[in-house]
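Engineer: Please model the entire structure based on the sequences and the hints provided.
If you're matching them up, the sequences are chains A and B in order. Residues 0 to 326 in numbering that gives the first Met the number 0 are what the first sequence spells out, letter by letter. Residues 0 to 288 in numbering that gives the first Met the number 0 are what the second sequence spells out, letter by letter.
These are computed hints drawn from the structure, not numbers from a lab. From a predicted model like this one, the values you see are computed outputs, not experimental measurements. A portion of the hints provided could be inaccurate.
Said to hold, decoys possible - Label pairs and their in silico Cβ distance ranges:
no. : chain 1 : residue 1 : chain 2 : residue 2 : range
1   : B       : 115       : A       : 298       : 20 to 28 Å
2   : A       : 228       : B       : 27        : 25 to 33 Å
3   : A       : 207       : B       : 19        : 24 to 32 Å
Said to hold, decoys possible - Among chain A residues calculated to face chain B with C-beta under 8 Å, some are:
no. : residue
4   : 27
5   : 31
6   : 138
7   : 142
8   : 144
9   : 168
10  : 198
11  : 254
12  : 277
13  : 286
14  : 306
15  : 308
Note that beta-carbon positions come from the ideal geometry of N, C-alpha and C, so glycine has one too.
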Amino acid sequence: MNKNDNKTLGPRKSVSYAKWGYIFILPFFLVYIVFTLAPQFLTIYNSFFENYRSGLKQIGPNFVGLENYKALFTPDAAGTVRILKYAANTLILWIAGAIPQFVIALLLAIFFTSYRLNIKGQGFFKTVIYMPNLIMAAAFSMLFYTLFSRVGPIQGLLENWGVIDKSFDFFSVRITVRGMIALMNFLMWFGNTTIVLMAGIMGIDQALFESATIDGANSVQVFFRVTMPLLMPIFVYCLITAMIGGIQMFDVPQVLTNGKGVPNEMTRTLVMYLNGYLTTKNYGMGGAISVIIFIITGGLSGIVYKILSAQYKDPERLHRQRKGNVI
Amino acid sequence: MSKRMSDNTRGLIKLTILRVIVYAILIFLCILCLFFFYLMIVNASRSNAQLATGFDILPRENFFKNLVNAWNDTSINIPRGMLNSLIIALSTAVLTTYFSALTAYGVHAYEFKGKKFVFTFIIAVMMIPSQVSALGFIQMMNKFHLNNSYIPLIVPGIAAPVVFFYMKQYMESVLPLDVIDAARVDGSGEFRTFNTIVLPMLKPAVAVQMIFSFVSSWNNYFIPALLLDKAEMKTVPIMIAQLRSADYSKFDMGKVYMFILLAILPVLITYIFLSKSIIKGVTAGSVKG
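Structural biologist: Below, the structure written as structure tokens:
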């Protein structure tokens, strides 16, 4: 008797069903290889070649080794290493949105799950705060542009209130452009994070909260000593996936600044940089940037993988997950 | 006795104050979420001249005029864009959910060599964004003359690791293998069992994932913008971005707000009707970037 008998169908009968397993996963892998894996290798391959257009002339493709990577990290005439500047922009924009996103989401998750507070109308609140997550980022960004532009209603309103004067332009000041991008990212993601963290808190054994309270812990102590430590795996998971999302930041700053990263390239992100090379068909430099982004996201994915596989190996936790529907 | 009373009252007052603060925060956040979209709807109902007067809190009478103008605009063919987006998003939603369920079922129900590797591989690549292979993808599609075609925007949906993972998780909680065994005893073929017995059991998961993949395809901007340059192939997000790069001063602003409204309307309507199950799906499928 095979030890797998209870878990799988395969070996129970004399007929082997293994081939059906292969048949069913075949389309997925064919498509993955053609549309993701092969392009991935092609991208890496491109990064070692000089291949661009200079005016009407096509240069390359010529093998140049690591020259594209060297060029990426060589300072330009003004002394800035552009990729580092854009990486810093991406990080700043992400952090500026992520801090309020996680603080507010954590607070809301605690409010919603508190028996003592017993918040009414949760369905309504959740529906409203999650809504921006589904809105087309390009359209949301375009909306912000029209609302905050020189002739837009917000400019007019704030002028009337005397908050800003007529010469003020939201799109020429670093902090306001970055602020708008951070605000949009915050609005688009805090509802999602709230819902995930809430499910995480609900997955924690209620008896732990009760016994902590009976032992005289106040709500702040309960939060730091009970809730947070038990929520940690899900919190870290959320944080890392948000970070991976942050590295991909493109639609919002691209449409808001019309691809220019105004003011002074202070809001140009890594993927906007990549997109620039893709539209001008500079495949060598584009390839090198892709590889760098790939390495960063690959490293972060490794952490996500660890979290997920740890949960998978722990059957007791998996059971809780199913009950609480977490992850 | 009186001390306990006052302790109780004090606790009650504290709780009430806390509640008021919490509701205030919640209401503030809701207003923040709705404010910009409310302004969008209000402004989509104002004429260009009315919009020039600045901020206004109440809708006006020009909503349908703007709608007709936007719909019939010659430079931005929004009905065509919406049709393109609809075709792509619907096909992607169907392919993604069907094949993710099929793949998950293959891994879930059968024992075969390399099964563990397959599962590990999919989880490992799940979080890697499509941007990092976009360059090779675009080069290949150009070589195959598939730019300005729906194919590169639909077919890759067959391999969606995140949806696979969701389906696998779902199967583990709802799909007992005895059911498949019973079907086999009844003489049902493997493929038929999947289509007629397994798939119906996965209905809630399939529905939720169809919505999510429809939405993300509808909103997708990065790859389509690099592939589609023929006017009649363009999708809605590309048109919206085009609006941004157009010479702004010449535009009827009422029309611009209407374009934005039209761009998000299908998703908004879906959400209004299905928000409950969508929100439920978020928690179960929190593996979304």
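Engineer: How about residue 306/A: closest beta carbon in chain B under 8 Å, or not?
Structural biologist: With Cβ-Cβ at 10 Å, over 8 Å, it is violated.
Engineer: Falls inside 24 to 32 Å, the C-beta gap from residue 207/A to residue 19/B?
Structural biologist: holds, 29 Å
Engineer: Have a go at the residue 142/A hint: is there a Cβ in chain B nearer than 8 Å to its own Cβ?
Structural biologist: holds, 5 Å
Engineer: Would you settle whether the hint for residue 144/A is holds or violated, based on the nearest Cβ-Cβ distance to chain B being less than 8 Å?
Structural biologist: This hint holds: residue 144/A lies near chain B, its Cβ roughly 6 Å from the closest one there, short of 8 Å.
Engineer: If you take the shortest Cβ to Cβ gap from residue 27/A to chain B, is it below 8 Å?
Structural biologist: Residue 27/A check passes; min Cβ-Cβ to chain B is 4 Å, inside 8 Å.
Engineer: Regarding the hint that residue 138/A lies at the interface with chain B, is the smallest CB-CB distance below 8 Å?
Structural biologist: The hint holds - residue 138/A has a Cβ within 8 Å of chain B, the shortest such distance being about 4 Å.
Engineer: Falls inside 20 to 28 Å, the C-beta gap from residue 115/B to residue 298/A?
Structural biologist: holds, 23 Å
Engineer: So, as I understand it, the hint says residue 254/A touches chain B; can you test that by seeing if any CB pair is closer than 8 Å?
Structural biologist: Because about 5 Å separates residue 254/A from the closest Cβ in chain B, which is inside the 8 Å limit, the hint holds.
Engineer: Taking the least C-beta to C-beta distance, is residue 308/A closer than 8 Å to chain B?
Structural biologist: The hint holds - residue 308/A has a Cβ within 8 Å of chain B, the shortest such distance being about 7 Å.
Engineer: Have a go at the residue 31/A hint: is there a Cβ in chain B nearer than 8 Å to its own Cβ?
Structural biologist: holds, 4 Å
Engineer: Going by Cβ atoms only, is residue 168/A closer than 8 Å to chain B?
Structural biologist: violated, 14 Å
Engineer: Could you check the hint for me, namely that residue 228/A and residue 27/B are 25 to 33 Å apart, CB to CB?
Structural biologist: Holds: the Cβ-Cβ distance is about 30 Å, inside 25 to 33 Å.
The structure is inconsistent with the numbered hints 9 and 14, although it conforms to all the rest.
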